[in-house]
Structure formats: C-alpha cells, structure tokens
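K.L.:
Using the hints provided, position chain B relative to the given structure of chain A.
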Amino acid sequence: MAVQGDVNTAAKTIVLGLATGFGAIGPGIGVGIIFGKTIEAVGRQPELRGQLTGMMWLGFALTEAIVFYALGMAFVAYAIT
Amino acid sequence: MLSLLATSDFNPVSEFTDFINHPYVDLPLGLDINKGVVYLWLSAATAILVPLLIIRRGLKAKPGRWQTFLEMVYDTAYTQIAKAGLPEEGMRIWFPYVGTCFIFIWAMNVIGFIPLPFSGESVQLLGVDVPKLQIYAASANLSVALTLTLVTFVATHVEGIRYNGVVGYFKSWIPAGLPPVRPLRGGSVGAAILFGLIAVVEVLSQFVRLVSLSFRLFFNMLAGHLVIAVFLGVGALMAASLGNAAFAVHIIGFPMGVALYLLEATLIAALQAYIFAALSAIYIGGAIHPEH
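Protein sequence lines, in the order shown, are assigned to chains A and B.
To convert, count from 1 in the first sequence and add 17; that's our numbering.
To convert, count from 1 in the second sequence and add 337; that's our numbering.
Just so you know, not all the hints are guaranteed correct.
Said to hold, decoys possible - Partial pick of chain B residues on the chain A-facing surface, computed with a CB cut under 7 Å:
#, residue
1, Gln-417
2, Arg-499
3, Ile-612
4, Ala-615
Hints were generated in silico from the structure; no laboratory data involved.
Each residue gets a CB set at the ideal place from its N, CA and C atoms; glycine is no exception.
Pulled out of the complex, with its shape left as it was, chain A reads as follows (with noise of 0.2 Å):
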C-alpha cells in the first residue's frame, strides 16, 4: 500500500506518542516504588498510617507530574515545529 497524506504530520504524531510514552516509564516505576515502599512501611508500623499516607499521595503527585512535563513539551514541540 502506498503512502498517502501528510507524511510530516504523521512523523509529528508518532513523535508526540513516543515522548509522552518515554516519559511515562520513569514516573511510572517511581510511583511503583512510593506505593509500594508505603505498603511495606505501614506493614512495619501500622500506627504511623495516617502520617505515612499524606506523604505517600504528596510523592504520589510530584513523581506523576513528570509526565506532564514530557507531554507539555510533547504538545510544544508539535505544535511549533
């Protein structure tokens, strides 16, 4: 089948999609690890909970927010170029 249509944007989408998806690997194994390293710690300490919690969704939001960076420049870097 031969190629139709804009290639240029076709090449732009493509880079769109593999900038948000590299950099949804890094936030997504470092929210892995702030879950999971929670678990083991209320597992520990069963009285520090409430504490331990707070910091959790705290962490929890500033490694998910690497990602919007990634598709924050993604987005500017298709729509300048």
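P.N.:
This is chain B only, laid out in the frame that chain A set:
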C-alpha cells in the same frame, strides 16, 4: 469539550482553545466573559454556598451525612494540609488561605466532570435546539493555575521577608555548613565559586516551583479530560478511516472512558486540590521558618 453527540470533525485539543475566540460577552481589555469565566464563577459559588448551606441547616452533636462530610473536609484541611506545612504563628493567617485553595480547586475540578450546557453550540433534536452538553474544567487552563500559583509565590516571599527581614530571608536560601566566603579578607576562590553556584541553583529552584505547581494542576486536568475525550470519542475519530469497523473500537473504548472518568472525577480531582494546598502550605511555612 466532550460533546454528547460527537461528530466526525471532532478535535480534542481545539475544544480547549476555541472558546477564547467565542466569548458570550465581548468586553475591552480582554475582560471577555467566556466559558472559562463562567466556570470560575460557578466554582466560586459552589465553594462558598455548599459549606454555607450545610452549616446554616444547623450543626448537630450527632452529625448527619453532610455534616460528617464537611467535618472530614475541614479536618483534612486543618491537620493534613495546614498543620503539616505551616508553623504555629503562620496558622492564623495562612490556614484560611490554604483551606480556601483546597476547597476552591476541588470545586473547580469536580465541576469540570459534570456535563453542563455551556458550550455555546446547540444541536437540532426533534426540531428543538438543545444545547450540547460538555465537560470542561476551569483549572484545565494555564491562566487559572498560574494565577493561583502566583498568589502562593508572592505570599511565600512576602511572609519570608516579613518574619526574617530581607537579609535574613535571602541568607536562609543558602544551606548551612558551606565554607565561609570572605572576599575582602583573603577567602578561598573555591568557596566563592561554590557559593555562586549554589546561589544560582537556589534562585532557579524558586522559579521552578512556580512552573511545577501551576503545570501540575493544569496538565493533570487537561490530560484527564483529553484522555476521557479520546476514549469516549475514539470510534467517532476513526469512523472516517474504518467505516463500520469503528463500532468495534467503540466497544473497547467506551468502558475504558467510563472507568477513567470515574477515576478522574473521584480521586484525581480531590488529589490535585490537596496537593496544591499542601505544597502552598509547605512553601509558605518554609519561608516563615527557614530552618525547618
């Protein structure tokens, strides 16, 4: 954003920018009343009126369902958000601020997931003009997120200077334990270079906070709405190229979209409000008491 009756010329991104060019009321100086402004008013009214109505209905010693909910929100705002970040002397002024941030941003985010007829478009249904329902969050807009962040940013530095003095506050940015810099009394060159590097990093980190705090809220809501829109509208997006096979894509995409909608509306909406308020409290508290 997400039109109930999707058409094939559906573009998820343009739904977030088009409303700026189609205001309801055109005013000078860019003070147009458009969809984003209406959503902000709605959120502010909700954030003020819902707690007020619950309180005015009468607080009881044995709380009902709504009073329990409100007490839980207040307790979260007081112990989890304000107490965790602010020192004792900052509580009187800044607990109301971070509490307001929490409830206002939460109201914005939750209202962002209720389908409302503010799109300005309508569709002919049985001969009657029915306004299209759509979901749009005021916080999925960088202007809103950045304005809230700027309030925190200015408050941080004003409070830091007010409690520690200009010299004391900027001195507190330099971490303790550095070798002393004495440029006029034969101090080492290495210490001066180290001092300069750390000063640059510290000043940069203050501005990175500005970006990270606003981008986190803005992109979380934007990406949440985009993902829901793409999954619910994926059949319509692909109808042009797939034809009837697009229906099969819809069967997979639709439940996925509903699941993501529930996740975003319940967990992410509250979590982003919590994070914004908690980080504001930590930043302001860190400026009041730098050694913490």
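K.L.:
Now look at each hint and say whether the structure bears it out.
P.N.:
Results of checking the hints against the structure:
With a cut of 7 Å, the hint placing B:Gln-417 at the interface with chain A holds, because the nearest CB-to-CB distance is about 5 Å. With its C-beta approaching chain A no nearer than about 26 Å, B:Arg-499 sits outside the 7 Å limit, and its interface hint is violated. Here the hint on B:Ile-612 is kept, as its CB sits about 4 Å from the closest CB of chain A, short of 7 Å. A least Cβ separation of about 6 Å between B:Ala-615 and chain A falls short of the 7 Å threshold, and the interface hint therefore holds.
When each numbered hint is compared with the structure, a violation occurs for hint 2 only.
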